[in-house]
Amino acid sequence: MSDEPQITDSELQAYADGRLGEERSRAVEAWLAARPDDAERVASYRRLGEELRRAYDPVLDEPLPDWLGGTRAPRPRWHRFARVAGWVALGIVVGAPAGWELRDARQAAASRGDLGVVMAHRAAVAHAVYSPEVRHPVEVGADQEAHLVAWLSKRLGTQLRAPKLEAVGYSLVGGRLLPGENGPVAHFMYQCNQGTRVTLYVRTDMTGNRETAFRYAREGNVGVFYWVDSKIGYAVSSADISKEVLLSVANAAYQQLNPP
Amino acid sequence: MNEAERLVELIPRLRRYARALVGDRAAADDLVQDTLERAWAKLHLYRRGTDLRAWLFTVMHNVHVNKVRATRATDTLEDEMPELAQRASQGDALMVRDLDRSISRLPAEQRSVLLLVTLEDMSYEEVARTLGIPIGTVMSRLSRAREKLRAMMLGVSASAKLKLVK
Numbered sequence: 001m002s003d004e005p006q007i008t009d010s011e012l013q014a015y016a017d018g019r020l021g022e023e024r025s026r027a028v029e030a031w032l033a034a035r036p037d038d039a040e041r042v043a044s045y046r047r048l049g050e051e052l053r054r055a056y057d058p059v060l061d062e063p064l065p066d067w068l069g070g071t072r073a074p075r076p077r078w079h080r081f082a083r084v085a086g087w088v089a090l091g092i093v094v095g096a097p098a099g100w101e102l103r104d105a106r107q108a109a110a111s112r113g114d115l116g117v118v119m120a121h122r123a124a125v126a127h128a129v130y131s132p133e134v135r136h137p138v139e140v141g142a143d144q145e146a147h148l149v150a151w152l153s154k155r156l157g158t159q160l161r162a163p164k165l166e167a168v169g170y171s172l173v174g175g176r177l178l179p180g181e182n183g184p185v186a187h188f189m190y191q192c193n194q195g196t197r198v199t200l201y202v203r204t205d206m207t208g209n210r211e212t213a214f215r216y217a218r219e220g221n222v223g224v225f226y227w228v229d230s231k232i233g234y235a236v237s238s239a240d241i242s243k244e245v246l247l248s249v250a251n252a253a254y255q256q257l258n259p260p
Numbered sequence: 001m002n003e004a005e006r007l008v009e010l011i012p013r014l015r016r017y018a019r020a021l022v023g024d025r026a027a028a029d030d031l032v033q034d035t036l037e038r039a040w041a042k043l044h045l046y047r048r049g050t051d052l053r054a055w056l057f058t059v060m061h062n063v064h065v066n067k068v069r070a071t072r073a074t075d076t077l078e079d080e081m082p083e084l085a086q087r088a089s090q091g092d093a094l095m096v097r098d099l100d101r102s103i104s105r106l107p108a109e110q111r112s113v114l115l116l117v118t119l120e121d122m123s124y125e126e127v128a129r130t131l132g133i134p135i136g137t138v139m140s141r142l143s144r145a146r147e148k149l150r151a152m153m154l155g156v157s158a159s160a161k162l163k164l165v166k
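Taken in sequence, the protein lines are chains A and B. Residue numbering for the first sequence follows the working numbering, starting at 1 and increasing by one per position. Residue numbering for the second sequence follows the working numbering, starting at 1 and increasing by one per position.
Treat the hints as calculated values from the structure; they're not laboratory data. Since we're looking at a predicted model, the values are computed, not measured. Mixed in with the good hints there might be a few duds.
To give a feel for the contact side, a few chain A residues facing chain B, derived at Cβ under 7 Å [said to hold, decoys possible]: (1) Asp9; (2) Gln13; (3) Ser44; (4) Tyr45; (5) Gly49; (6) Glu51; (7) Ala55; (8) Tyr56; (9) Val59; (10) Ile232.
Distance windows between CB atoms, simulated [claimed, not checked]: (11) Glu9/B - Ala213/A: 41 to 49 Å; (12) Pro58/A - Glu9/B: 15 to 23 Å; (13) Arg48/B - Asn193/A: 35 to 43 Å; (14) Asn258/A - Glu9/B: 22 to 30 Å; (15) Asn251/A - Asp51/B: 24 to 32 Å; (16) Leu177/A - Glu109/B: 36 to 44 Å; (17) Gly23/B - Gln255/A: 39 to 47 Å.
Even for Gly, the Cβ is constructed at its ideal location relative to N, Cα and C.
Can you make the complete structure from the sequences, with help from the hints?
If you want it as structure tokens, here you go:
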């Protein structure tokens with residue numbers, strides 16, 4: 001026994017995982033050849049790995065639940081958020097660590113003139129205010145879409161478009177005119193079959209803002225993807241869907257509003 | 001591809017790991033969602049060019065540890081339960097062989113090491129970095145997890161065999 005190479009337990013583990021170098025692997029094999037019990041132990045480690053992969057790899061192919069981008073799962077998101085004391089609607093975020101960050105970020109952004117962050121905040125507030133509306137979610141309904149777009153374009157002084165989001169499961173409910181910091185803002189509302197709503201906030205006074213990246217922000221329970229294209233700022237908000245789903249909606253809007 | 005897109009691509013892997021880690025499907029998806037929320041809020045802290053997967057699994061690990069800590073009272077109880085259940089069901093090969101159950105009986109810190117090595121095929125260095133523990137600890141936890149699982153899977157037959165040998 002003393003003239004045999006010493007094999008550590010770590011080496012046995014690494015050998016079972018196929019992570020041992022060739023030379024040490026040969027030493028381990030020689031060592032195991034004389035020890036059927038240990039050989040069986042190592043073989044069982046490998047079988048265990050195979051069983052684990054067989055048991056859990058199918059999860060990789062499972063469709064994602066709604067909030068992760070797949071079919072809808074019954075998940076009372078509001079209750080979760082309501083449980084967390086201090087999560088206040090209307091963007092007045094208190095207490096939650098993520099909220100603190102965003103609020104700090106917003107204050108910092110406002111002081112250095114980052115209009116994108118300020119816009120994301122206002123878009124989240126607008127979403128929180130209007131999206132729960134049952135009877136009056138919009139001023140002008142989608143049945144008068146041409147009129148809606150012409151009207152908002154005229155008021156904002158820029159030709160606007162209401163993107164078609166059917167491909168990602170959302171259809172236009174309508175829109176309204178909102179007061180912004182320096183002038184009018186267009187607000188489009190979309191809804192999916194399950195009733196979850198997404199709003200698109202458009203302002204046309206983003207002068208002096210050079211930030212054009214696609215960004216994400218969170219205000220309370222409202223998630224916002226926003227971007228700026230020269231002087232037009234866009235923000236896509238929702239409180240009911242996951243970031244991934246919202247991202248796909250925002251991407252669809254982005255593709256149409258900012259064609260390459 | 002930017003970080004957000006790569007992050008989304010990693011979701012199925014997060015789900016697989018979470019499922020094995022917490023067992024229950026709904027609880028696993030809860031963990032994934034909390035992880036994603038946290039990751040999104042912290043994405044600015046991720047250093048470009050470093051391993052996004054390791055970073056994301058670190059976020060999940062921390063979220064999980066915090067969740068477990070938050071339910072410490074019930075967790076202590078659960079820690080006691082497997083011992084009792086195991087003893088009571090030792091004759092029941094089906095129960096003992098049930099992979100889910102066996103894994104759930106592993107101490108949490110051993111479970112995460114084994115799952116990262118086995119399911120994620122992480123190197124021991126990656127596991128150490130992800131969990132924030134020394135590599136020696138990774139190795140000892142891996143070894144203990146495997147031995148424990150092996151004993152559970154073999155159940156009574158193993159101890160019986162031990163007596164018969166010789």
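Hints and how they fare:
no.	hint	in the structure
1	Asp9	5 Å, holds
2	Gln13	5 Å, holds
3	Ser44	5 Å, holds
4	Tyr45	5 Å, holds
5	Gly49	5 Å, holds
6	Glu51	6 Å, holds
7	Ala55	5 Å, holds
8	Tyr56	5 Å, holds
9	Val59	4 Å, holds
10	Ile232	22 Å, violated
11	Glu9/B - Ala213/A: 41 to 49 Å	20 Å, violated
12	Pro58/A - Glu9/B: 15 to 23 Å	18 Å, holds
13	Arg48/B - Asn193/A: 35 to 43 Å	39 Å, holds
14	Asn258/A - Glu9/B: 22 to 30 Å	23 Å, holds
15	Asn251/A - Asp51/B: 24 to 32 Å	26 Å, holds
16	Leu177/A - Glu109/B: 36 to 44 Å	57 Å, violated
17	Gly23/B - Gln255/A: 39 to 47 Å	40 Å, holds
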